[in-house]
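J.: Put chain S on the given structure of chain U with help from the hints.
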Amino acid sequence: MATVSASRIDARFGELRGRRAKGLVIYLTAGDPSLDATGELLAAIDRAGADVIELGVPFSDPLADGPVIQRASERALRAGATLRKILEQLPKWSESIHAPIILFSYYNPVLQYGLERFARKAARAGAAGALIVDVTAEEAGEYVAAMRAENLDTIFLASPTSPNDRLMRAAALSSGFLYLISRTGTTGERSEISVTLKPLVERARKFTSLPLAVGFGISNPQQVKEVTAVADAAVVGSAIVHAIEEQYPSGGAAAIESFVRWLREGL
Amino acid sequence: MPAQTQTETWPDARGRFGEFGGRYVPETLMHPVEELEKAYEAARADEKFQAELRRLLKDFAGRPTPLFHARRLTERLGGAQIYLKREDLLHTGAHKINNCLGQGLLAQRMGKTRLIAETGAGQHGVATATVAALMGLECRVYMGEEDMARQAPNVFRMRLLGTEVVGVSSGSKTLKDAINEAMRDWVTNVENTHYLLGSVLGPHPYPAMVRDFHRVIGQETREQILKQTGRLPDVLFACVGGGSNSIGLFYDFIPDREVKMVGVEAGGRSLKLGEHAARFAGGRPGVLHGTYTYVLQTEDGLISNTHSVSAGLDYAAVGPEHAALYRQGRVEYTHVSDAEALDAARELACIEGIIPALESAHAVAEVIKRAPKMKRDEIVVINLSGRGDKDLGIFQSQGIL
Chain U
1 MATVSASRID ARFGELRGRR AKGLVIYLTA GDPSLDATGE LLAAIDRAGA DVIELGVPFS
61 DPLADGPVIQ RASERALRAG ATLRKILEQL PKWSESIHAP IILFSYYNPV LQYGLERFAR
121 KAARAGAAGA LIVDVTAEEA GEYVAAMRAE NLDTIFLASP TSPNDRLMRA AALSSGFLYL
181 ISRTGTTGER SEISVTLKPL VERARKFTSL PLAVGFGISN PQQVKEVTAV ADAAVVGSAI
241 VHAIEEQYPS GGAAAIESFV RWLREGL
Chain S
1001 MPAQTQTETW PDARGRFGEF GGRYVPETLM HPVEELEKAY EAARADEKFQ AELRRLLKDF
1061 AGRPTPLFHA RRLTERLGGA QIYLKREDLL HTGAHKINNC LGQGLLAQRM GKTRLIAETG
1121 AGQHGVATAT VAALMGLECR VYMGEEDMAR QAPNVFRMRL LGTEVVGVSS GSKTLKDAIN
1181 EAMRDWVTNV ENTHYLLGSV LGPHPYPAMV RDFHRVIGQE TREQILKQTG RLPDVLFACV
1241 GGGSNSIGLF YDFIPDREVK MVGVEAGGRS LKLGEHAARF AGGRPGVLHG TYTYVLQTED
1301 GLISNTHSVS AGLDYAAVGP EHAALYRQGR VEYTHVSDAE ALDAARELAC IEGIIPALES
1361 AHAVAEVIKR APKMKRDEIV VINLSGRGDK DLGIFQSQGI L
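Residue numbers (our numbering), protein chains in the order written: chain U, 1 to 267; chain S, 1001 to 1401.
Here chain U stands alone, though its shape is the one from the complex (with noise of 0.2 Å):
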């Protein structure tokens, strides 16, 4: 039986605080390209000092996703990754996992699943929370009950559109961080961080005390700088998904590892 106590994200970022340094927060697909490979991905991401692992659940059709992570999808949904699936094998991925891991979804398969069934099997699986990128405040009731009811986190996103009534609202809703968007549009990565940025971390600093990672198009070392010199953590996702295309099939989960410790070079 859980107990209400700090989460392993709050965790997490007290220890970052603590010692006056910056997170890094890693998206992967899983399944992509297979459930096998997802294991042997976790493990090397995390020894390569990730602080966060957003694990995401590949959907028939993921319209908040660039081409990189949409094609992620499309090879994890061949090789038959669900949710069902992807909770089946997370107790064996998570017990030698450091990283607190997030799961990360589309609305539709948690939906189904049932949420408080989703709740009870995530946190038996070990996960710390979720992030589910087509709920939004409104619509979010229920779904933030049934995580409460595990001592689930709920991440909720902002973006530069947000006004402030709504970055309050995502606030309020979330717990262990709030996910800001670094710019409008989908996932993928970008040359240059948005100058929509600082402000946004800037009024989301007004309305809540929790951590603020970044994301969306943070692809490189430089990068992570830039974001974490104003805020907590950076969130990488494309990046590291095109690297496990490219990189992976020849060079294995270290290939992926090497990639994380380069990334940890702009912290």
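Just so you know, these hints were derived from the structure itself, not from any lab.
Where hints are given, some of them may not hold.
[Claimed, not checked] Selected chain S positions facing chain U (Cβ under 8 Å, derived; list incomplete):
#1 Arg1014
#2 Gly1022
#3 Pro1026
#4 Leu1077
#5 Asn1180
#6 Met1183
#7 Val1190
#8 Asn1192
[Claimed, not checked] Simulated pairs of lysine to any residue, SDA-like, Cα-Cα distance not exceeding 20 Å:
#9 Lys85/U / Leu1302/S
#10 Lys85/U / Ser1304/S
#11 Lys1173/S / Leu1273/S
#12 Lys121/U / Asp1300/S
#13 Lys1038/S / Pro163/U
#14 Lys121/U / Glu1299/S
#15 Lys1375/S / Asp1234/S
#16 Lys1272/S / Glu1340/S
#17 Lys1058/S / Glu1223/S
#18 Lys85/U / Lys1173/S
#19 Lys85/U / Glu1299/S
#20 Lys198/U / Glu1191/S
#21 Lys1173/S / Arg75/U
#22 Lys1038/S / Ser191/U
#23 Lys1173/S / Arg84/U
#24 Lys1173/S / Pro67/U
#25 Lys92/U / Lys121/U
#26 Lys1173/S / Arg71/U
#27 Lys1038/S / Glu245/U
#28 Lys121/U / Arg148/U
#29 Lys85/U / Pro33/U
#30 Lys1173/S / Lys121/U
#31 Lys1173/S / Glu74/U
#32 Lys121/U / Arg84/U
#33 Lys198/U / Asp1300/S
#34 Lys1058/S / Thr1188/S
#35 Lys85/U / Thr1298/S
#36 Lys1227/S / Arg1086/S
#37 Lys1038/S / Gly1062/S
#38 Lys1038/S / Asn164/U
#39 Lys1058/S / Arg1044/S
#40 Lys1038/S / Glu138/U
Each residue gets a CB set at the ideal place from its N, CA and C atoms; glycine is no exception.
T.: Just chain S, lined up with the frame of chain U:
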């Protein structure tokens, strides 16, 4: 005054039709969707906006459309009196222009300079391209590659109108994938772009707004049938893809309990998942493209591929208001097969001199089944939502020509 019905209060403030509808979109789109809702509410109450829309519907699109008593088809079937609401006679060849003119004016009012749209059969794409040309807006239409091949004439029409048509090669290469791509464009270009969604789908306020722009179909039909026959019809028939032409015809008759309504979905090749688009026959509630509604999906909540000979009905979800009307039992939903729709199109062409779009032919097919069993003094209205010129290639490939 009759008591206000539940449907008149739909959707509620959260965009819910009973339990269906809502807003499930990435956060970046939430504020634009809220702005759209505000702009629409203001425009709706603005007599100048309404007057300009009426002018365009009349002088540009060709409203009102006739209500035609199909006497030869009625005689052939030997039962109910059959009337056709001739939306196929509108400029651009389908009902879609009603909504495009409304949203086009709204986009201008909001200061947007660029329109994007998805299209299945190409009818909504052509209507959007037309409105963009009329109003001097930049325009890009997303269309699945499979649909571009089977509805090629509409691709040429859009290009001639100055619109950029972008083929979508992901997923099933049909309407669902075109909507994904349009949403990705919108989330990237929200500043200057209005997403001119073509059906009663998507996040609130789209389902209600698109319905409102199509209500004129039912309002005209009511006036015309009363004038021609002195009474309300017994049954209304319309095909249901996303559900815009059907809700347009049905909506103003919902309080008239004596008027039955039948929505006809695409039964495709069979009722095996992936072979059809009959959401009420094989789907269950879920979330797709911003709304909670009936969706064809796998056990794991992945969206299923669909099939219909008619590109405009080939979609995995249905408008949330239809889901509510289904749940309420106010509208009956059924489905007809590809083969039945093709036969019905040929029948109507030969006997009335009207070539219907394959979408609309689904509604005709259902009437061909039912009318013979009805009494001679009963009246049915079919929404003939589009014309079939775009489908000549399909008639050819299906061995009908």
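J.: Hints first: check each against the structure and report whether it holds.
T.: Hint by hint, here is what the structure shows:
no. : hint                  : in the structure
1   : Arg1014               : 7 Å, holds
2   : Gly1022               : 6 Å, holds
3   : Pro1026               : 4 Å, holds
4   : Leu1077               : 41 Å, violated
5   : Asn1180               : 4 Å, holds
6   : Met1183               : 4 Å, holds
7   : Val1190               : 6 Å, holds
8   : Asn1192               : 11 Å, violated
9   : Lys85/U / Leu1302/S   : 14 Å, holds
10  : Lys85/U / Ser1304/S   : 19 Å, holds
11  : Lys1173/S / Leu1273/S : 17 Å, holds
12  : Lys121/U / Asp1300/S  : 15 Å, holds
13  : Lys1038/S / Pro163/U  : 15 Å, holds
14  : Lys121/U / Glu1299/S  : 17 Å, holds
15  : Lys1375/S / Asp1234/S : 11 Å, holds
16  : Lys1272/S / Glu1340/S : 17 Å, holds
17  : Lys1058/S / Glu1223/S : 16 Å, holds
18  : Lys85/U / Lys1173/S   : 27 Å, violated
19  : Lys85/U / Glu1299/S   : 13 Å, holds
20  : Lys198/U / Glu1191/S  : 19 Å, holds
21  : Lys1173/S / Arg75/U   : 17 Å, holds
22  : Lys1038/S / Ser191/U  : 36 Å, violated
23  : Lys1173/S / Arg84/U   : 27 Å, violated
24  : Lys1173/S / Pro67/U   : 15 Å, holds
25  : Lys92/U / Lys121/U    : 13 Å, holds
26  : Lys1173/S / Arg71/U   : 15 Å, holds
27  : Lys1038/S / Glu245/U  : 43 Å, violated
28  : Lys121/U / Arg148/U   : 13 Å, holds
29  : Lys85/U / Pro33/U     : 14 Å, holds
30  : Lys1173/S / Lys121/U  : 35 Å, violated
31  : Lys1173/S / Glu74/U   : 14 Å, holds
32  : Lys121/U / Arg84/U    : 9 Å, holds
33  : Lys198/U / Asp1300/S  : 39 Å, violated
34  : Lys1058/S / Thr1188/S : 35 Å, violated
35  : Lys85/U / Thr1298/S   : 14 Å, holds
36  : Lys1227/S / Arg1086/S : 16 Å, holds
37  : Lys1038/S / Gly1062/S : 29 Å, violated
38  : Lys1038/S / Asn164/U  : 17 Å, holds
39  : Lys1058/S / Arg1044/S : 18 Å, holds
40  : Lys1038/S / Glu138/U  : 17 Å, holds
Checked against the numbered hints listed earlier, the structure breaks hints 4, 8, 18, 22, 23, 27, 30, 33, 34 and 37; every other hint is satisfied.
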